[in-house]
Every structure is written in structure tokens, then in C-alpha cells.
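Enquirer: If you want the building blocks of each chain, they are given just below.
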Amino acid sequence: MPLLSLSSLQKSFVSPDGGRKLIVDVPSFSLEAGQQLALRGESGSGKTTFLHLIAGILAADRGAIELDGRDMAALGEPARDRLRAEKIGYIFQTFNLLQGYSCLENVLLGMAFGSGIDRSRATAMLQRVGLDHRLDHLPRQLSTGQQQRVVVARALVNRPKLVLADEPTGNLDHRNGWEALALIREACRENGAALLLVSHDPVVLAAFEDVREFADLNQACTGVTS
Amino acid sequence: MILPLLIRRSLRQHLLSTVITALSIALAGGLLMAVWVVKVQSQTTFTQVNTGFDAVLGARGSKLQLVLNAIFHLEASPGNVAAADYEFIKRHPAVKLAVPIAVGDNLRGFRIVGTAPEFFSEVEYAPGRRFGLAAGKVFDSTTKEAVLGSFAARKLGLNVGDIFHPFHGLVYDEKNQHAETYTVTGILAPSNTPVDKVIWIPIHGLQTMSGHDPRAATDVSAVLIQLKSPTAGFMLDLMYNKQGNRLTFAYPVGAIMAELFNKIGWFDQVLTLIAYLVAFVSTLGVLVAIYNSMAARRRDIAILRALGAHRGTIFSAIVLEAAVIGLLGMLAAFVVYGGIVTGVAVIIRAQTGVLLEAWIFSPVMLWAPAGMIALCALGGLVPAWKAYRTDIADNLVPVS
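First to last, the sequence lines map onto chains A and B.
All residue numbers for the first sequence refer to this note's numbering, where the first residue is 857 and numbers rise by one.
All residue numbers for the second sequence refer to this note's numbering, where the first residue is 3 and numbers rise by one.
Please keep in mind that the hints were generated in silico from the structure rather than gathered at the bench.
Derived list of chain B stretches under chain A, where covered just means 3 residues or more per stretch with a C-beta under 8 angstroms from a C-beta of chain A:
# : region
1 : 12–18
2 : 309–315
3 : 390–398
Taking lysine to any residue and the SDA-like style, the derived pairs with C-alpha atoms no more than 20 angstroms apart in a straight line are:
#  : chain 1 : residue 1 : chain 2 : residue 2
4  : B       : K139      : B       : V162
5  : B       : K388      : B       : L322
6  : B       : K244      : B       : P254
7  : A       : K877      : B       : D396
8  : B       : K244      : B       : P232
9  : B       : K230      : B       : E126
10 : B       : K388      : A       : P934
11 : B       : K92       : B       : P254
12 : B       : K388      : A       : E933
13 : B       : K265      : B       : L76
14 : B       : K388      : B       : V290
15 : A       : K877      : B       : A395
Ideal Cβ placement from N, Cα and C applies to all residues, glycine included.
With the hints as constraints, model all of the structure from the sequences given.
Expert: Below you can see the structure in the form of C-alpha cells.
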């Protein structure tokens, strides 16, 4: 049984002309536990919306999203929040670190709404990504590469079953991008988490054995409008 | 619990608006508590202070003026009581003690009051408490000696053995100095009553002071009376006020002062209303401060929601943050309160000798902070609702 399976997933938004534009239309998709898959897609192709749907940040118009045996689409919002907090780690392109909180507090917040705060585990996770000497630093006091490492620690500290990575190297230079990517993949492997990464960067995609075209999954990318 | 961390960090991130809003709460809360305490305490104190006497007998006129003049040493004397009238009331079977006083002189603005030595030996100004001496002894009624109230002695800088010239009239005028000199023989211990701000001399000395009308040399300004029973008071009230028309019998002292507070009750109400309005406006300030920061908070809220925070958690964090601003403000409000009440107490003490106690517990010290914190939390509901409705996806940019 796959860790994640989607069927007939659709999401549309109201377009400026008042009509509805279908952004995501994925008939089926699945991801096994521990699998690392990269999806190639151009900007504006609906990759982030797709990840938001899987994370339960957005509610689908129709379709089913089953994560670890639970149908996300059938859950109410509080249950979806809880499932996201417990099972999913999310790595954002723009990091989305809370600027008023220290590195350690940002990582603690990754646990707060799921398994609960465990300071020693958060510290160990930051040590794992090489930031144990920056625990009390604010994000703005770190380099972009270091900030990305905090994001990785925050996404993995809760031992999620699935890590979603949205253009995780988009804001990093070549060297930092490679380091971040290696860290994400390695940390996911260590924690037994599946990784679903979306990117349009050929260098990033080249690092994955398993790469699929997002347009092949998402029929909405062909321009279908309802 | 994650809420304390969220609130602490949010307060720190918006430190300036937090401090300004808390200060406005402090001013409002401090003012509210001060107005309330001054109102309640002054009313209670002034209606209970009778310096040990049940009634005052004086010239025909206002009972309130009589009490203010004879007990609180404010206002002018309404006139004199003839020696025969004093002797009559002194020997009346319903009267336990009658102490005469005479006024009309001052020392640099502090009233000089003539009285009999039994004022210090016979009178309990509060249950079990007599006017004790902090230094020296009570004057000899046949000599030119004086006993000073503690406040007057401190302000005038006089000690036992010092000599002074009285000045004519109740208002200080250096040109109206009497020829006589008086020697300070004693300083009273503080009693927190109007007695503290008076210079006491033998009544005969004031009656016969140079320049005073010799025809009134045996008259007194008023007679302070202790009754044997409350019913005696009503009997004497009937005798002097209803059947007679020469003298006024002011009884009971507390009720007469209560009438004064009833007359100026509108002023209390205006002050209280202003305090309530200031409190209301400052809690609106909490709403505005947090609401205005919502644009800057939206991204943080979206991030927290993406990490799994429920809408209810975000809502609670905002409401509690507003309540914490209220709490911080009300903690500071006690400093403001202390400042205002201490200042008012100094003025009241200087004017009346009565001491207001700033830090005696009053229920307002519980309900005002509780009310202000609740109002602040209520003010937090509007921005909290806005936070509750924050869309995650719209505020997590960019989208690829």
C-alpha cells in the first residue's frame, strides 16, 4: 500500500475574467514510503498548488488524497492540520522561517503542533544540519544556506512520513543548492521519510534517479479549462 | 504549551506598539483606580472622622459650616457661643463631655485653636486611642503655652521650647502679628486627623489675645460634645434646632459630612465617567494596535498554519496577546495609581490633616485590573477574527 495515493484530484481557482480555471487535474498518483521522487515542471504549472493539496493547506474541489491510510479530503480542517503537523514536513522555496524566532524556536514550532515540543530532539536536529552553534540566532543573522538548513531541520524534526520540497534550491547559489539538496535527501533517508520534490532546475533534477514530468500527471497543464 | 512562546515573541516583535499601548492602559487603569479609591476613602474617612465627638454646638447657622470649622478646622466660624450657653450644655445631664474651642488666630497659615486640657486627656478620637504626645507635655491652661499637631510642627519647623507670635485672623498676614509670645511645650503624635494640623493653646489665651474684642472674652467659637446616648442627641437636636433659634446643634457629625458628599456626588460621577471613558479608549487602542499590525503578521500566521497550527490556536494567541498587553498595562497602572493617590493624599493631608492610605486594599484593585484585562481581550477579538480567517496559501508566496 503506497504512503500517498491520489485519485481524480482537481483544483480550480476563479480567474480575473470571473470564470474558473482548472489548475490541478491529476487522475492518479502515488508515492511509496521512503521513495524519493522529483517532479519537473515550469513556473506557473500548478506545482505549488499540487503540493498544497497534498499537505492539506488547500482543499481539493474533488478527488481523494490518501496519506498513510487516511483520506485527507474527507477530513475536516482541524484534522487535516493535525495530520499535516504529524505526517508532513514542508520545505518552502522562500524558507518561510519566522523572523522573530530563533533557529531553535523555528525548529520547535515544527514539532509544536504535531508530536509536541522536544527541545533535545530539536537541538539534535540542528546539530545534524551543522547549526548547533547558531541555536539562538535569528534567521536574519544567518546566511541563506544556513537558513535553508534550518528549514530542513524544521521539516524533519517531527519525523514526518512525507517531506514536500517546493523548489528548495531556488534561492540558493549553486554550491549551497547542492549542499541543501544532498542534506534533504540524506536526512529523509535517515528518517525513513518519502520525498516529493518539485523543481524546474535541471541540475537539481539530475540528482534524482526518479524524475517525472508534472505535465504528464497534471492534465490541467494542457490547458483544459472548465 | 506553545501559546506563551507565540505571545512572547509577538509582543517582542511589536515592542513599540506593545509598550505604548500598555502605557495607555496603565494611565487609564491607574486613573480609574485612583479616582475610585480617593472617592471611597475620602468619603469613608471624612464621614468617620469626628475626632472623638458626637456633636458640635455653635452659633445659629449651617450645621456643615459648624462641623467643618470645629472638627475639620476649615471654613470660618459662624459666630460665637456665649459662656452661659457653654456652661449650660456642659452641665446638661445628657452630655458626657463638653470641650470648648475658640478660633480666630493663625501661625503662618496654620490655625491656632484655644481649648481645654481635657481635650488631650479625656477624648478618644478612635476606640482606645487618645491624642498622645510625641514630645513634651500638654500646656498649662493658665500660661502662654502651646501644643502643636504633628503635621503643623513639621511644616513650621517648631520644636519643644521654641517661641512664636500668633497672627490675627484665619488667613496669614504678617502685618497682623499679636504682641504675645507662646512657648511650645508639646508635640502631638500623629493621629491622621485634622488635629494634626492645628496649634493648640489654652482657650483663655485665645479669648484674651491682644486686639480681640474684650466683650467676647468669655465667649467660645463652638463646643465639642460627647453624648451619653444617641437618643440624647435627638433630644438636644429638637431643643436647639427646632424649638430654639439662637444656636445650632450639629448632630450626628458623620451624617452631616455624608450630606456634603451627597451634594458633591455629581463631581465624583463626572470623574468616574472620565476614568471609564479613558479606560474604554485605551482598550480600543489595543484593538487598533493589534489590528494595524495584522498585515505584517499575515505571513507569520500562514507559516504557523502551514506547520499545523489550528485556526483556534491562532485566534487564542491573538486574544491572549491582547489580554497580556492589558495585564502588563495594569501592572504598570499600580505605579500610576500610587503616584496619583500619593499626590492627592499629600494635598488632602495638607488641607485637612486627614491621611488617605494609598495601599490599603480596595475591591477596585481587583475588579479594575480584571475588567481592563477582559476589555483588552474583548478588543483582541476583532484582530483575532481577522487572523482566524487568514488564508494560508494566499500568504505563502511565491507560487511555482
